[in-house]
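Engineer: Protein chains in written order, with the numbering used here: chain A, 65 to 209; chain B, 945 to 1336.
It is possible that some hints are incorrect.
Unchecked claim - With a straight-line Cα cutoff of 27 Å, these simulated DSS-like cross-link-like pairs (lysine-lysine) come out:
{"hint": "1", "chain 1": "A", "residue 1": "Lys-139", "chain 2": "A", "residue 2": "Lys-111"}
{"hint": "2", "chain 1": "A", "residue 1": "Lys-111", "chain 2": "B", "residue 2": "Lys-1190"}
{"hint": "3", "chain 1": "B", "residue 1": "Lys-966", "chain 2": "A", "residue 2": "Lys-87"}
{"hint": "4", "chain 1": "B", "residue 1": "Lys-1148", "chain 2": "A", "residue 2": "Lys-111"}
{"hint": "5", "chain 1": "A", "residue 1": "Lys-113", "chain 2": "B", "residue 2": "Lys-1148"}
{"hint": "6", "chain 1": "A", "residue 1": "Lys-139", "chain 2": "B", "residue 2": "Lys-966"}
{"hint": "7", "chain 1": "A", "residue 1": "Lys-189", "chain 2": "B", "residue 2": "Lys-966"}
{"hint": "8", "chain 1": "B", "residue 1": "Lys-994", "chain 2": "B", "residue 2": "Lys-1096"}
{"hint": "9", "chain 1": "B", "residue 1": "Lys-1172", "chain 2": "A", "residue 2": "Lys-111"}
{"hint": "10", "chain 1": "A", "residue 1": "Lys-139", "chain 2": "B", "residue 2": "Lys-1190"}
{"hint": "11", "chain 1": "A", "residue 1": "Lys-111", "chain 2": "A", "residue 2": "Lys-79"}
{"hint": "12", "chain 1": "B", "residue 1": "Lys-1280", "chain 2": "A", "residue 2": "Lys-111"}
{"hint": "13", "chain 1": "A", "residue 1": "Lys-139", "chain 2": "B", "residue 2": "Lys-1210"}
{"hint": "14", "chain 1": "A", "residue 1": "Lys-78", "chain 2": "A", "residue 2": "Lys-113"}
{"hint": "15", "chain 1": "A", "residue 1": "Lys-82", "chain 2": "A", "residue 2": "Lys-99"}
{"hint": "16", "chain 1": "A", "residue 1": "Lys-113", "chain 2": "A", "residue 2": "Lys-99"}
Hints were generated in silico from the structure; no laboratory data involved.
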Amino acid sequence: MNELAVKLQDEILKKFPKAKIFKHNERRLYITVPKEQIYDITYFLHKEKGLRLSIATGIDTREGFEILYHFSQDKTGTFFTIKVLIPKDNPNVQSVAPIFKAAEWIEREMYELLGINFIGHPNLKPLLTSDDWPPDKYPLRRDYE
Amino acid sequence: MSRRIVPIGPYHPLQEEPEFFKLIVEGEKVVDLEINIGYNHRGHEFIAQKMTYEQIPYLVERICGICSNSHPLAFVLAVEDAAAIEVPLRAQYIRTIIHELERVHSHFLWLGLAGHFIGYNTVWMWAWRYREPVLDLFEMITGNRNHYAMNKVGGVRRDILPEQVPLIEKALDEIETKTHMFTKAILDDPVILARLENVGVLPKEAAISYGVVGPTARASGVAIDVRKDDPHCAYDRIDWNIIVFKEGDILAKTKVRLLECLESLKIIRQCLKQLPEGPIENRVDEIAPGEGIGRAEAPRGEVFHYVRSDGRNSPVRHKIRAPSYMNIVSNEVAVKGYSIPDAALCLAAVDPCYCCTERMVAIESGKVRYTGKELIELSIKKTEQIQARYRK
Chain A
65 MNELAVKLQD EILKKFPKAK IFKHNERRLY ITVPKEQIYD ITYFLHKEKG LRLSIATGID
125 TREGFEILYH FSQDKTGTFF TIKVLIPKDN PNVQSVAPIF KAAEWIEREM YELLGINFIG
185 HPNLKPLLTS DDWPPDKYPL RRDYE
Chain B
945 MSRRIVPIGP YHPLQEEPEF FKLIVEGEKV VDLEINIGYN HRGHEFIAQK MTYEQIPYLV
1005 ERICGICSNS HPLAFVLAVE DAAAIEVPLR AQYIRTIIHE LERVHSHFLW LGLAGHFIGY
1065 NTVWMWAWRY REPVLDLFEM ITGNRNHYAM NKVGGVRRDI LPEQVPLIEK ALDEIETKTH
1125 MFTKAILDDP VILARLENVG VLPKEAAISY GVVGPTARAS GVAIDVRKDD PHCAYDRIDW
1185 NIIVFKEGDI LAKTKVRLLE CLESLKIIRQ CLKQLPEGPI ENRVDEIAPG EGIGRAEAPR
1245 GEVFHYVRSD GRNSPVRHKI RAPSYMNIVS NEVAVKGYSI PDAALCLAAV DPCYCCTERM
1305 VAIESGKVRY TGKELIELSI KKTEQIQARY RK
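Throw the hints in and build the complete structure from the sequences for me.
Structural biologist: This is the structure in structure tokens:
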């Protein structure tokens, strides 16, 4: 792994002791954090370390909704993917859109396709589905038919 | 001054994909912009989860007709990352050649349309005339002028034959001469400069906050390029440069694209020279459970694909992010403060895949104010005014 990426990995562990790091290969790291810390770690990675949010992926799993925030460290070509797990009976998580504009659209997309509520999003409304789409139907959920 | 709304779209302004831009104007000046998308939402991510790994490259190839190599390439890179599949060296080089040819034809397409919007139809005709030899090359190598179907998990589908190499090199010579001629003609023309310089500026801080990618970022001084940062295919074996400008205006975006064409030609030449012998694919029998991220530098910027596999024949989750998804939002900044005749060009400057220019209407108090044709005419009129000033 690149020195800069190793340094950042150590700093994350120091600052967020609850984070669990899984190294998939030299340029792909997956870091699981509790959902309460997502705002702080995003702030740290983007504002202090200059990482770029490439995109976020929302997945409906058996355990709950998983959100993967893919942060790209462009200097080293390393992806730091931050994973949070959101319980299905309480699909709420803090929005990171106030930190940077890049998260605004993707949070709206996850809101309409998976039904995850982003608290503090400046403009939370459907992005892709049509205006007459039923509000309680979420196409990317496992039970969608 | 009272504010009025000039809607552009949804079916559609200057772009191929239907989007809806609400320009909020005070007189001639654009003061705010609202963007609505989703008119072309086809549910690719959902469909992909029901298809096999062999079929998905054909599906994602059809996301976009212009960068139809970038999506399958990013997808196979993601699967290869998830299941740790090795790709033969010859296949890596062939992927690089196809990827760069695509960049040349896409940048020429943008250049032609940009020329058309400012009333330089000569630029349009010429750019598209010299895009033809690139498409002919595609037809020779892959059998198709578009949708090349070259990528598969573990390698490529078609080989580049030894007798094709001199033919490709000959065509590259012609394209290179014309790109040089073109670059000089455009950068020497005072009227084109007046239309492009200091128009649609995207400052560096905004570029970082909006997370823009590709030529849009590189024209604003953000030096990111997946080919350099996260080398895939054969890019780390080739000598080439990233093109970066600081200004952030449309002229900088034009320069980035023009000079990138020359870099692409350089990359293709080196690939043809170094093309190693060997197989073009590794047999892949099953995809192991795991997750992988693949990204490729499309003509418009970073294409991102995420694949999660549980060992079955199709992915559990397939996330796709095209570069325009990040770039289009940045229009909120780039178009503010400029006039309506400039807006058409500003919105097009991020190159959000376009085609149908006839479908733009502007409505004021229920009455159609500008149609797409009239907006282009407005833009052309501005060019003529500047030309007249230069003649005096």
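Engineer: Taking the hints in turn, state whether each one holds.
Structural biologist: To see whether the hints hold, each was checked on the structure:
1. A/Lys-139 with A/Lys-111: Holds - the C-alpha atoms of A/Lys-111 and A/Lys-139 are around 15 Å apart, at most 27 Å.
2. A/Lys-111 with B/Lys-1190: Given that 27 Å is the threshold and the Cα spacing comes to 21 Å, the pair holds.
3. B/Lys-966 with A/Lys-87: violated, 45 Å
4. B/Lys-1148 with A/Lys-111: holds, 14 Å
5. A/Lys-113 with B/Lys-1148: holds, 16 Å
6. A/Lys-139 with B/Lys-966: Violated - the C-alpha atoms of B/Lys-966 and A/Lys-139 are around 36 Å apart, more than 27 Å.
7. A/Lys-189 with B/Lys-966: It holds: about 17 Å lies between the C-alpha atoms, which stays within 27 Å.
8. B/Lys-994 with B/Lys-1096: Holds - the C-alpha atoms of B/Lys-1096 and B/Lys-994 are around 18 Å apart, at most 27 Å.
9. B/Lys-1172 with A/Lys-111: Holds, because 23 Å separates the two Cα atoms, which is no more than 27 Å.
10. A/Lys-139 with B/Lys-1190: holds, 18 Å
11. A/Lys-111 with A/Lys-79: holds, 15 Å
12. B/Lys-1280 with A/Lys-111: holds, 25 Å
13. A/Lys-139 with B/Lys-1210: Distance ~24 Å between A/Lys-139 and B/Lys-1210 Cα, so the pair holds.
14. A/Lys-78 with A/Lys-113: Status holds; Cα separation ~15 Å.
15. A/Lys-82 with A/Lys-99: OK: A/Lys-82 and A/Lys-99 at ~11 Å, within 27 Å.
16. A/Lys-113 with A/Lys-99: Roughly 20 Å separates the two Cα atoms, so the pair holds.
Comparing the model with each earlier hint shows violations of hints 3 and 6; every other hint is respected.
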